[in-house]
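K.L.:
Residue-level listing of the chains:
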Amino acid sequence: MVYMETVAVIFGGRSAEHDVSIVTALASIIKPLELTKKYRVEAVYIAKDGAWYWDDKLKDIKLFTSGGIQDYLHRAQPASVQFDGGMMLVKASGIAGRKQTRKVDLVFPAMHGTYGEDGALMGLLDMTGIPYVGCGVSASAVCMNKVLAKKVALGCGLPVSDYMSFHKSFIERDASTLLKTILKRLTLPLFVKPAHLGSSIGITRATSETELRNALEVAAHYDDEVIVEEEVPNLIEVTLPIMGNDQPKPALLEQPMTKPEDFFDFDTKYLQGGKKGKGTAKGAQGYSQIPADLPKDLYKQAEELGLNVYRVMGCSGIARVDMLIDSKAKKAYFNEVNPLPGGLYAHNWNKAGVSNVELVERLISFAKERHAQRQSLATSFSTNYLQQF
Amino acid sequence: MQVIVDDLLTHYDLHGKGKLVVLLHGWGDSAKGLAGLQKELTVQYRVLSVDLPGFGSTQMPKTAWDLDDYARFVEHLLRKLEFQQPYAVIGHSNGGALAIRAVSLECLQPQRLVLLAASGVRTNNPTRRLIIKIIAKTGNAVTLWLPRRRRQALRKHLYGATGSDMLVVPELEDTFKKTVRQDVQGDAAAIDVPTLLIYAASDDAVPVADGRQYHSLIKGSRLEVVKNAGHFVHLDQPDKTVALIKEFLA
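Just so you know, the sequences run in chain order A and B. When the letters of the first sequence are read in order and numbered with the working numbering, they come out as residues 201 to 589. When the letters of the second sequence are read in order and numbered with the working numbering, they come out as residues 15 to 264.
Since the hints were derived computationally from the structure, they do not count as laboratory data. Accuracy of the hints is not assured; some may be wrong.
Claimed, not checked - Computed spacing ranges between beta-carbons, pair by pair:
id, chain 1, residue 1, chain 2, residue 2, range
1, A, THR387, B, LEU28, 16 to 24 Å
2, A, SER555, B, ALA49, 54 to 62 Å
3, A, THR387, B, TYR101, 30 to 38 Å
4, A, PRO389, B, SER230, 34 to 42 Å
In this text, a Cβ means the ideal position worked out from N, Cα and C, and glycines have one as well.
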């Protein structure tokens, strides 16, 4: 019998993007992985309270859409994970107190936002020493902090729009002074964002001082760090999914079909299927133009910028780089990086000629390649340091 | 859009230009339920529709609230958005009861008030209240042996069958109890704002009799009964409802 590698898809988590993660895992990862018939796929769900569950029943989207997950969580026993010599899933089998176990060969993280996409899960997986799909600890942590990501990009000479960042305590302590400071340096309209959240959660476009004050409070409600960015004039928003390790390859530049005042908030992105109130397609697939309708040189400029951002952030596996283009000045600016794009941005990869099955297979192969590279690195060396004591 | 009001992350929709009109949805509903009405009115007015705490995308209140708390919340929302008093307030169902209470407390001081199938007449159906009470007490005793979740599901089903909204949002059970205890007929009697009452002929939840009661209490009010419509009169007969409101606000 041919040995089938066990791939654990980890999703859910203690994040505001918990629900988006469920759709990413079930629709864009588990289903195509099972279609390959090469892997034993284990669904590992982290509930909102942080408890882990491992069960084939968790592969059924209806369990989540029907609300049946609450009853399931009430009945099911959480699973545990052992890290001795790799990663082992453990749960009660229901037969005479026996345990059911499964050794995991590779992890496919499908987590968005905090405690998952931000490097926390990657740190845990690095400790186990098993390969996993996507960006590593440091790239994930930098990408998921919009302030840090901008600083890295700026440090590497990549263009970013003007911005300021503040700790929550500044906003709570003296909002009036803060407003004056911001408006002295930046010009309305401004985008106010929580520094660490994705999926457009907590983002406001402020066009007046009052809106700015309220927007700061909203962002600080979600995060302890807030970023305020100047709007790029004559704006065209584009996003570029990229895949690979040392030689990253882009998919197609994608252009959301919105006006600046109608920017992608969470509802537009995930609940309305596109342009507000007019979307017909469900989810994130129906809202944009692929490839973006840009002059050739501007398309090339944005693609280059996206690839450069991917490299300087140290991304591996997959990521998506968002950029802002001033169409009159013909200049592209880096906006942010998403180290695990919702749904892997499979719709874009499909248009670029990569099927969902191919996409997950390539990602697994990149994960193994990076793991092999890391295994070859020296992590210890002999010294006589202790003997000197 | 979002704003922090009373330390709660609050979602609201604001569209249009002109005099401010505030929409207040009913129990278990949200701003989305009034989106059609909002869209029609934005042609002439600036229309603010808010998800009240515990509904839609607005956070749950941290304690059990009554109508007074909700009224102050709406007042604080307007202040936060730096609005003056609205030209008109339109409240549906429990949002209507809230509007009456808010006007009475002077949290809202509109020039026009529209009550769509407004609840808040709490004493006119003692038989129904008695039935619900008997079912509740009996149900509690009979289902004690059931697991908590099963018991909760059964309770929800039974309350729904009696037409009670108490467990529509289970987390707001205590808030619901406080709210439905508040009879706003006294507040209605003190209203001196031009008021349009729109009730649906086939409304099982809030009968036309409640509309008649308010009509008798609110001086100079106008009562319109819309045929072939249920409790969500603005959804069942949108054209008729919008036409009545537009004419009244003009």
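K.L.:
Now, for every hint given, state plainly whether the structure supports it.
P.N.:
Tested hints:
Between THR387/A and LEU28/B the CB atoms are about 23 Å apart, so this pair conforms to the stated range of 16 to 24 Å. Checked against the given bound of 54 to 62 Å, the beta carbons of SER555/A and ALA49/B, roughly 38 Å apart, lie outside it. Judged by the Cβ atoms, the range 30 to 38 Å given for THR387/A and TYR101/B holds: they are separated by roughly 33 Å. At about 51 Å, the beta-carbon gap between PRO389/A and SER230/B misses the expected band of 34 to 42 Å.
Violated hints, in rising order: 2 and 4; the structure is consistent with all others.
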